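*Asks:* Here's the letter readout for the chains.
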Amino acid sequence: MAVVFDRPKALCDVPLHYCPGCTHGIIHRLVAEAIDELGVQDKTIGVAPVGCAVFAYNYFNCDMYEAAHGRAPAVATGCKRTQKDKVVFTYQGDGDLASIGAAEIVHAATRGELITTIFVNNAIYGMTGGQMAPTTLIGQKSTTSPLGRDVERNGNPIRVSEMLATLDGPALIQRVSVHDVKHIMEAKKAIKKAFEYQIAGKGFTLIEVLSTCPTNWGLSAVESLKWLEENMIPKYPLGVMKEVQ
Amino acid sequence: MQRQMMKGNEAIAEAAVQAGCRYFFGYPITPQNEIPEYMSLRLPQVDGAFLQAESEVSAINMVYGAAGAGARVMTSSSSPGISLKQEGISYIVGAELPCVIVNIVRGGPGLGSIQPSQSDYYQATRGGGHGDYRMCVYAPATVQEAVELTQKAFDVADKYRNPVMLLGDGVIGQMMEPVSMPEYKMPVLPQKDWAATGWNPNSGRARAVINSLYIDSAELEQHNIKLQKKYDAIAENELLYKTEQLDDADIVIVAYGTTARIALTALRRAREQGVKVGLIRPITLWPFPSEVIAKASSSAKQMLVVEMSMGQMVDDVKLAVQGNCPVQFYGRTGGMIPGVNEIYEQIMHLKEGL
Amino acid sequence: MERQLIIAGFGGQGVLLIGQLLAYSGMLDGKNVSWMPSYGPEMRGGSANCAVVISDREIGSPKVEDADIVIAMNRPSMELFEKNVVPGGTLIYNSSLIDGKPTRDDIRVIAVPSGEIAEQAGNLRSANMVMLGAYTGLTEDFSVATLMDALRHKMGPSKEKFMPANQKAIELGIDCAKQQL
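Top to bottom, those sequences are chains A, B and C.
Using numbering that gives the first Met the number 0, read the first sequence as starting at 0 and increasing by one per residue.
Using numbering that gives the first Met the number 0, read the second sequence as starting at 0 and increasing by one per residue.
Using numbering that gives the first Met the number 0, read the third sequence as starting at 0 and increasing by one per residue.
Pulled out of the complex, with its shape left as it was, chain A reads as follows (with noise of 0.2 Å):
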């Protein structure tokens, strides 16, 4: 019988700890897809941040580094400039990278460190136990906004894509979504283009993947699928927002 579904090679076979309906998994299971598609997984090194990923050194099938809270993009750049011939991704969450991080990110994009980033916004300190992130909502409800998010109290949301986009660095700047088949297919397109932007060395590449909380959030796996398309998608849009020739 033809085998027609299998487990990416760039992923160990081991339970992913993530909980039931949170979509890390499918975004893991995208990273790992692109580097078996590039064929690049005995040279692709990974960094895991702080947060809900911290073990993604664990599922990722690769040589990889876990970092401390935010620094992933530091640890990434003496990586790569030490060995130019390898893939270096980075998989960082919305605390992670828009908050402790900001300084981390802005600066590799804008030196255009030949690095990968994902970045996972699920608009939420998930790990922690669903306190309030950078991207968290206006009105959004978090264990640090409980009633929910204000902007004379607590401060408006960043988008991290659109800011990057300004910075001459990057090569790539994209936002997708993993709530539906659909844009679960143009995620991984996204992904796989900027490993191979990486590897061209085009310059920095991000590929913002907006993602569920079911936990944090207080919503059903599939209710969760809905909230993002309702809610995030309209003050987060999908696209591409730099992508150079």
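Because the hints were derived from the structure by calculation, they are not lab data.
If you're wondering where the values come from, they're calculated on a predicted model, not measured in any experiment.
You may find that some hints are simply not true.
Incomplete in silico selection of chain A near chain B, CB under 7 Å [what the hints assert, rightly or not]: (1) Arg70; (2) Cys78; (3) Ala102.
A virtual CB, placed ideally from N, CA and C, is assigned to each residue, including glycine.
Given chain A, work out where chains B and C should sit, using these hints.
*Replies:* For chains B and C alone, kept in the frame of chain A given last:
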């Protein structure tokens, strides 16, 4: 060997390059700027890379990335910048990565001053960041010694897979002295088969994971026990110190770095007056020469600790002396450098009490 | 033999260079030497000084409090460091810029009109070389050839065209000091 006049900071940088350091990540801060400036010109000449990071925090994490890839890598800063690096240093220790960190110390606390100080002793010798760790700390007293210790630092870092700190005060960084650049020979060191260099599933080596997270408490305890064995081995093997005229000394000075040199001049003057003064100069601040200090304290009548701080190393001296004899302290701080006359007066004052 | 020296003046007067050249010359003659600058945000026009030790034995303190010789290029420096000259030591001062006289009577004083002499040597900016010469005339520590070696090393080949005027300034500085001995 050809001697050349070199500024301490530049000599440290060149010594590192000679020892095979090819990567440097830093951020400007006085009084260590000559190190990144030198590296920015020098490293591209040897096919290496220099990067001025966006902050000290980023710089030390770039070091983590480069060290994790198996490269010989260095960063340098001065006190406030070293404080910012502490998070990364703790991760580097936890992940067992070798690297060299230079601290050209300036006065604190806070933004403090830019003048020489030795007030980062506690921070350097107790680890400095969070968690339970140590690293080898070298305190050169001359530019030549700074060169030799910089090169040794890379070897010791690789040998134990642990960061090594070179702790110089602002004088060591800024002064010029003749230097003979030694011909560096790398000793036999362990292979870096743990490095993240890209993994072929058929290669036979395990997948590299550069990591300090051990979520299971029992595992973390085992990890810490393993690290402690390393620190024990460093303490056993890497201790360095120098003594001057200790044999008949009634008064034994303990001082390191520039302060030890000033104390040496004061000692010579006191000896000319017939005062029996000796000097112990720790070259490694951790491990600390407790035994030689303990031995000296059993025959000395007074110990005098001199530092450019309000008194930090004096605690370690007291621990070593164990009450064998009185331990006096003299310190200048804030960037003030003690003079020969001041130390001489301290000696003569102690002499009167003998 | 051991010399403890302080050289001080405005930033931009080349006082750090005088110190470096003395230290470098000492090294060329096989001595132990140290050069320790004041450092910090002093810019051109601010104050600058350095301490130099030249010795046959291992150098202890690189910081100089009791100077055998102080070279003062401006008035504030002379006022600041006059007290650091050991009794019987020497203060060499730049009489082109300093109209007052040192107050101590237990030290030797050498007044060097370094600006006028530098002009005579053909380069107004070589006043520091005049002072270097005055030091040499006083101490006979170094030959002119050694000083010029040190200077060539420090300045590099691109500054070769300034070397004749610099050498002239050093020689005139030597004469100036010798006349006052």
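*Asks:* Are the hints correct? Go through all of them and say.
*Replies:* Cross-check of the supplied hints:
The interface hint given for Arg70/A is met, as the beta carbon of that residue sits about 4 Å from the closest beta carbon of chain B, less than 7 Å. Annotation: interface hint on Cys78/A holds; nearest CB of chain B at approximately 4 Å, less than 7 Å. Checking Ala102/A against chain B by beta carbon gives a least distance of about 5 Å; that is within 7 Å, so the hint holds.
Of the numbered hints listed earlier, not one is contradicted by the structure.
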